[in-house]
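Peer 1: Modelling step: build the complete structure from the supplied sequences, incorporating the hints.
Chains as they are written, first to last, in my numbering: chain F, 5 to 275; chain A, 2 to 358; chain W, 121 to 415.
Derived from the structure by calculation, the hints contain no laboratory data. Backbone N, C-alpha and C define an ideal beta-carbon position, used for all residues, glycine too.
Computed beta-carbon distance windows for the label pairs:
1. 377/W / 105/F: 51 to 59 Å
2. 235/W / 296/A: 17 to 25 Å
3. 400/W / 151/F: 25 to 33 Å
4. 297/W / 333/A: 22 to 30 Å
Where chain A lies over chain W, by a calculated footprint (3+ residues, C-beta under 8 Å):
5. 210 to 224
6. 390 to 400
So, partial list: chain F residues that the calculated Cβ filter (under 10 Å) puts toward chain W:
7. 66
8. 92
9. 94
10. 102
11. 110
12. 122
13. 153
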Amino acid sequence: MAAITEAKAGNILTLNNVEVVYDYVSLAIKGVSLAVPQGGMVALLGANGAGKSTTLKSISGLLAAERGEVRRGEVAFQGQPINALMPQDRVRLGIAHVLEGRRVFEHLTPDENLIAASAVRSRHDAARNKDRVYSYFPRLFERRGSAAGYLSGGEQQMLAIGRALMTQPKLLMLDEPSLGLAPFLVAEIFQILSRINREDGLSVLLVEQNAIAALEIVSHGYLIESGRIVMHDTAEALKRNPDIQEFYLGGAENKNFRDIKHYRRRKRWLT
Amino acid sequence: MLFRQAGILHTNYAQDRALFPIPADRWMIGGLLLLAATAPLYLNSLYLSSYLLPWLVWTAAALGLNLILGWAGQFHLGYAAVMGIGAYAAVHAQRAGVPWEIAIVLAGLTAAVIGSVFAFAALRVKGLYLALSTLALQFVMDWTISHVPAISGGTQATLQAPDIRLLGQAVTSDAGLYYVALVWCVLVTTFMLNLRRTALGRALVAVREKDYAAAVIGVNSFYFKLVAFATSSFIAGVSGAVLIGTFYHAVTPEQFSVDVSIQALAMVIVGGLGSIIGSYFGAGFILLMPGAMNSFISWLTGLFGFSLGIETLAHLPHALYGALIIGFLLLEPLGLGKIYGNVRDYLLVWPFGYVKK
Amino acid sequence: MDILLLLESALNGALVGLMYSLVAMGIVLIYKSSSVPNLAQGAMVMLAGYVILAFANQLHLPIWAAIPLGIVTMFVIGIGIERVALRRLAGRPIIMILMMTLGIEIFLRAGSMTIWGGTSRPLPIGISDSPLFLGPLLINRAYAVGAGVAVVMFVLLVLFFRTRIGVVLRAISDDYTAAWSVGISVERGVALSWAISAVVATIAAVLWGSVQGVDQSLALLLLKGVTVAVLGGLDSIGGALLAGILLGIVEGTASVVLDPLLGGASRELVDAAMLILTIMLRPHGLFGRHDIERV
Ligand SMILES: Nc1ncnc2c1ncn2[C@@H]1O[C@H](COP(=O)(O)OP(=O)(O)OP(=O)(O)O)[C@@H](O)[C@H]1O
Ligand SMILES: [Mg+2]
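Peer 2: As structure tokens, this is what we get:
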């Protein structure tokens, strides 16, 4: 485990003991540390309410919109602490956040969605980026004239990703892109993600509950549980890990509830 | 200090649910009531009838608005119109020979019935749309009052109010009128204090927080909104009638225009949404502010030896009043009542401030 | 009933209605970007009128110079209002926000009168008093000009919302968290919409000021503006335009029919009734979006 984290120099993003409180009282994540290597693909897995989205928001700075704040710890991007930056400044640095549940601009067309997302880039770059997004997602190009609210779920997810790509990110963070999509669509979207990662060297932090699909494309994964990172390993090792298989990959049907509780207790022990 | 005590020990539920669990509060309320009751003895009648009296009546009115706005969470931009309905109802009843005691009850009932029209708006829409529809209703009622001669008293537009008679006894002295206002204000305050402890009060708060959630736990929000509007309209109507009977002595449509509605809203906001003591502060603040501001300005102009135009003097207090509303919303959205609460909480344990931490 | 008189009132009503749309468009602009219902729009019109008069009368500038200066001044004031008063209220209950805009309304209205006094002053912009003739129908020339400007303003706004900045503003009104996530500076966008709205208010001030003079009554345009904005659907610029025409026609014809019956002044009643009816029957207006607060 230690061997992997120690690639410090080559990390585009590092979180060091980050603690987030909402409404000044409720502690949502309790000292999360993780790293995304330059040009790497990393998954952040965990159950509902574990704190995955909160972690991403602490990186993109969107906590402010929900009365949350990073109370302790440091978020560093390319070696620089970014805790104090406004969301738009982080986007300018190259951090893109695809929100959970797609959240496209429903009353705008896909074309306008992409234009709106290029606010921090020049007009010239915007035109170039738009062509690139359409080349990744030809289906968006076909539907570029109709209101985004009427697109199918898969198309909306593509649009949300395309929108993030319009900001010319160095790090792309995706919050449950597979939510509510048919498996073949998930596969298609993940294919494109790894293609962008390969071709452009875009670093990716992927939050997923669909661990099977996620572990296919990432090199490493973190497991978060009630606001704490409880496991970190290569994707291969995680896929083989019996606990992961049980609880996130849906193996071992015959386990009963007591074993689950037992597992949870054991997990706490480890951390 | 006044409030200091080591802790609160309750040995039964009645104690816990008492209106004023802290003895110092009880003493203070008693003292204030005594002061209020003896005010005519030590205040000259100018202060009594032009400051204290309108303050008490407006406090009662503000409490009624607070019931809707602060507790039931329903915006009401037509409150003055409802007060106006009560005022006109009472004056007409009196002129028809109805004794004043009954006239003000009639005023309250008329206002409650017509005011419930606002409730029907509230049952369909909320938030912004409720605010706008109540504003529109205010205009409709203004218009109706001033354009129907049978109500406004025809072309002269000012309707003299007959003197108040209680139990056949004419009440015309400043002290007498003051007591009428005092009794009404105390009545409304007592009602509001107790409302907090009833199922109705709790249901209203539930409806304010989330009406569909309230519906899920079995609170019939339809019914409670209706009751809230009717009750507050009743208070508004009687307050309007008392205001005319004890203060204005004549009624005109302008006394209950949309500006007055906004003024009532300002009282509640400045005083603090849902705060009873805040309604006292808010009403006092908004009523006294223009006068105080005028004296302050003339003091300033005297001090620096410049003079302001009449127009400037006429409009400046109004502008400052707008600025005050803005300032309160920015700095202490919960109003004077909250500031009072903070001071009180501090004094409660003073000088052992660490007790709270 | 004289059919010609009715037609004439309807036609002039439609033109006046288009001038109401100018006030309504300001409300819609702000509501679209930040969901703040600006009850101070009427007061902003009034302030703009006084500002232009200050440039024209106190600094003795010709009117064609005073108007652009007024526009620039109001642009800055619009940004200032958002920055000082509204930004900190983001996310607060609607009661607070409404009360804030009411506070601004009072402050701007009384403040302008404190500085400039309450007497009505003319704002001549060189439109002659003689009516236009359309066949046998008399048309008020000032209304015709005002209506024309309103239509031009509408076209400009529609074009603006197609530009990059305009698209960004629409994105903010759709989903401001998502807007934030792609690097849009939401605060600046909202401030810009206040600024544009203040500019629209200035245009309205010029037209209305030339018709009825500059005084407190300009602030009363709020009721018309709100009625038109709600009728059109609060977040639809085009809706504001059409609703303005509709309200104007209804008002114009209703005053011909009702005034003799009710003894005059039926316009306010018609406005209020339209507002109530719209909210009760069709809260999202004629062209508004569906996401509406309903019980
Ligand atoms: N805006 C908020 N205010 C208060 N608490 C919040 C807020 N958002 C999230 N939380 C709390 O923080 C914790 C972590 O939430 P988070 O959304 O990060 O979980 P998640 O891992 O993304 O879950 P899911 O898989 O369901 O999306 C939860 O307990 C949640 O209740
Ligand atoms: Mg999540």
